[in-house]
Amino acid sequence: MSALLKAPAPAGEKKAAPVKAPTVRPRRTALDWILLVVAVIGALAVIFPLILIVLNSFKSPEDYNNGGPLHLPSHLYFGGIKRFWNGVDFPLKLWNSIFISGMVAVFGVLISLFNAYGLGIGRVKGRLPLLVVFLLANMLPQEALLYPLYNEFKSLGLYDSKWAVIIIFTVIQSAFGTYLLSSVYSTFPRELLEAAAMDGAGRWRTLWQVVVPVSKQTLAVLLIFFFIWTWNEFLIPVTFLVSNDNQTIPLAVSSLQGEHMSDITTTSASALLGLLPTLIFFLIFQRTLTRGVTAGAVK
Amino acid sequence: MIGHRREAGYWLYLLPGLVLVTAVILIPLAQNVYYSFTDYRGIRPPQWIGLDNWDKLLHDDKFWKSFENSIAMIIAMVIIPTLLGLLIAAVLFDLVGKRFGGRVASFLRATYYIPQIIPIVVASIVIGWIARPDDGAANQLLGLIGLDGARQNWLGDPTWALPTIMAVLIWVQLGYPVVVFMAALQRVDPELYEAAELDGANWWHRFRAITIAVIRPEIFVVTLTCTIAALKVFAPVYALTRGGPGTSTIVPSYYSYSEFFQSQQVGYGATVATALTIVILIVATLFLVAQRRAERAEEAR
Numbered sequence: 000m001s002a003l004l005k006a007p008a009p010a011g012e013k014k015a016a017p018v019k020a021p022t023v024r025p026r027r028t029a030l031d032w033i034l035l036v037v038a039v040i041g042a043l044a045v046i047f048p049l050i051l052i053v054l055n056s057f058k059s060p061e062d063y064n065n066g067g068p069l070h071l072p073s074h075l076y077f078g079g080i081k082r083f084w085n086g087v088d089f090p091l092k093l094w095n096s097i098f099i100s101g102m103v104a105v106f107g108v109l110i111s112l113f114n115a116y117g118l119g120i121g122r123v124k125g126r127l128p129l130l131v132v133f134l135l136a137n138m139l140p141q142e143a144l145l146y147p148l149y150n151e152f153k154s155l156g157l158y159d160s161k162w163a164v165i166i167i168f169t170v171i172q173s174a175f176g177t178y179l180l181s182s183v184y185s186t187f188p189r190e191l192l193e194a195a196a197m198d199g200a201g202r203w204r205t206l207w208q209v210v211v212p213v214s215k216q217t218l219a220v221l222l223i224f225f226f227i228w229t230w231n232e233f234l235i236p237v238t239f240l241v242s243n244d245n246q247t248i249p250l251a252v253s254s255l256q257g258e259h260m261s262d263i264t265t266t267s268a269s270a271l272l273g274l275l276p277t278l279i280f281f282l283i284f285q286r287t288l289t290r291g292v293t294a295g296a297v298k
Numbered sequence: 000m001i002g003h004r005r006e007a008g009y010w011l012y013l014l015p016g017l018v019l020v021t022a023v024i025l026i027p028l029a030q031n032v033y034y035s036f037t038d039y040r041g042i043r044p045p046q047w048i049g050l051d052n053w054d055k056l057l058h059d060d061k062f063w064k065s066f067e068n069s070i071a072m073i074i075a076m077v078i079i080p081t082l083l084g085l086l087i088a089a090v091l092f093d094l095v096g097k098r099f100g101g102r103v104a105s106f107l108r109a110t111y112y113i114p115q116i117i118p119i120v121v122a123s124i125v126i127g128w129i130a131r132p133d134d135g136a137a138n139q140l141l142g143l144i145g146l147d148g149a150r151q152n153w154l155g156d157p158t159w160a161l162p163t164i165m166a167v168l169i170w171v172q173l174g175y176p177v178v179v180f181m182a183a184l185q186r187v188d189p190e191l192y193e194a195a196e197l198d199g200a201n202w203w204h205r206f207r208a209i210t211i212a213v214i215r216p217e218i219f220v221v222t223l224t225c226t227i228a229a230l231k232v233f234a235p236v237y238a239l240t241r242g243g244p245g246t247s248t249i250v251p252s253y254y255s256y257s258e259f260f261q262s263q264q265v266g267y268g269a270t271v272a273t274a275l276t277i278v279i280l281i282v283a284t285l286f287l288v289a290q291r292r293a294e295r296a297e298e299a300r
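Chains as they are written, first to last, in numbering that gives the first Met the number 0: chain A, 0 to 298; chain B, 0 to 300.
Hint data in this document are derived by calculation from the structure and do not stem from the laboratory. Among these hints, one or two may not hold up.
Residues on chain A that point at chain B, a partial pick, calculated with CB under 10 angstroms [said to hold, decoys possible]:
hint	residue
1	L144
2	T177
3	R290
Idealized CB from N, CA, C, for every residue including glycine.
Just need the whole structure built from these sequences, with the hints factored in.
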């Protein structure tokens with residue numbers, strides 16, 4: 000997503016803003032209150048669609064038709080949720096999403112780490128053109144790779160295989176990771192590397208015992224972002240994962256939509272189940288996610 | 000000598016990454032460009048036809064329409080979220096954060112950010128669900144407030160389908176600039192603000208003269224990454240309209256996808272995809288050149 004970003008120094012955190020002496024909070028004026036109310040209304044508008052989805056996923060279609068979208072369910076109805084859950088075999092889709100995203104996150108971080116070790120710390124010749132290649136890989140529209148990849152993986156016998164998607168996204172995500180980590184590592188404290196060399200540590204040991212521990216936080220941010228980005232991907236999964244056994248949650252939700260087999264509250268329930276895992280993920284990792292987004296945009 | 004050995008050792012670490020990027024990015028990219036010069040239906044091997052596909056592209060109304068719609072995607076993903084995001088971030092950071100406390104501000108920030116983490120196709124289906132014809136929530140709500148005349152078949156009407164897709168994108172995208180800009184605002188020196196206030200500058204003047212200047216790098220990154228993302232929009236169109244009604248919501252990526260897998264016109268689909276790639280590369284280059292210039296102008300000052 001954020002292709003041109005640089006992360007902060009490897010030790011992670013930006014320098015904390017200088018602590019200011021606690022100032023007296025200025026008096027709140029009427030205008031302050033008005034603007035607060037506007038900001039709150041804006042935030043409510045943003046989550047209003049989600050409130051509607053929650054409200055209507057527990058209604059029967061008749062209940063919806065009688066009461067409209069704004070009423071509380073007259074009784075809790077789980078038919079829509081059950082129909083979607085069983086119809087698409089939700090636990091299987093959940094597992095597929097976790098498996099694919101988890102594998103990509105781990106492999107993607109590993110490849111980024113190796114690449115950045117060579118480019119940022121090893122400073123191999125031809126570093127710049129290589130960085131441009133990785134940057135390019137990150138900017139390209141996936142359509143420009145889609146059909147050749149489809150042919151390639153078909154001939155490898157990996158069409159309609161989770162591994163095809165895992166391999167492709169490992170490369171796409173690690174292109175971003177390489178770009179970001181290389182710039183982090185280009186300012187890696189040389190003393191640490193020299194100290195490790197004096198201790199007789201080889202390159203492999205230096206990587207794992209010096210570089211990785213020092214950049215742990217950046218690596219964790221990458222891991223979490225690779226996971227959620229892969230989870231949310233659509234074009235390549237929809238092309239490669241055709242059989243029901245392999246599909247991810249976003250595919251399951253959209254396939255239901257296409258078939259028009261569902262009534263209005265089942266569709267709502269499918270959206271609810273589709274967004275719930277990422278919402279939970281967000282609540283758990285909220286701090287890391289916002290820190291990552293903001294760290295990413297620091298020039 | 001030692002330096003030489005050193006470097007060779009590091010190349011070993013690059014090997015897996017380079018093999019993968021060659022197999023998954025570089026070779027497919029080259030093949031796709033090659034397909035654009037061929038007649039290829041996916042079954043028999045591609046037949047070289049020179050520039051025929053490209054000639055067809057230049058006279059293809061659907062292709063031009065798809066890029067026209069890309070401009071709508073840029074309005075929805077770049078212009079509106081960046082402007083709104085600037086205002087929201089300024090209000091949350093400057094006012095809510097300082098007068099009502101940081102917790103209120105970060106809670107509101109998290110709320111604005113939520114749609115960003117929902118899978119884009121699920122977010123599309125949420126809005127699509129609200130925009131359902133007849134009994135959809137949007138129409139029901141319009142009925143409730145007595146605006147029955149405003150009820151629409153939002154996604155089925157060529158006039159309204161594109162704005163509905165744009166609504167999905169604005170909703171999803173808004174949180175990104177809010178979060179990035181709020182972090183950037185921490186760099187603004189409060190003393191600069193106080194000085195400006197003493198000089199009699201009102202909030203709007205300070206916002207324009209100080210805030211925008213300080214967070215310009217972030218504005219740059221946000222507009223560049225979001226413009227590229229806007230040119231690549233696929234999932235909402237796939238999930239909600241399949242480019243229709245007619246060609247009213249066609250976008251380049253969906254157009255090439257449908258040429259690949261529905262019309263079996265792989266050669267032509269590859270041409271559309273290559274054209275999209277070229278446009279993205281041009282846009283990125285222009286942005287980077289502009290950024291360089293802005294930075295130099297800054298340094299010269």
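Comparing the hints with the structure gives:
1. Nearest Cβ of chain B to the Cβ of A:L144: about 4 angstroms, under the 10 angstroms cut. The hint holds.
2. Interface restraint check: A:T177 against chain B, minimum CB-CB distance 7 angstroms, threshold 10 angstroms, status holds.
3. Here the hint on A:R290 is kept, as its CB sits about 9 angstroms from the closest CB of chain B, short of 10 angstroms.
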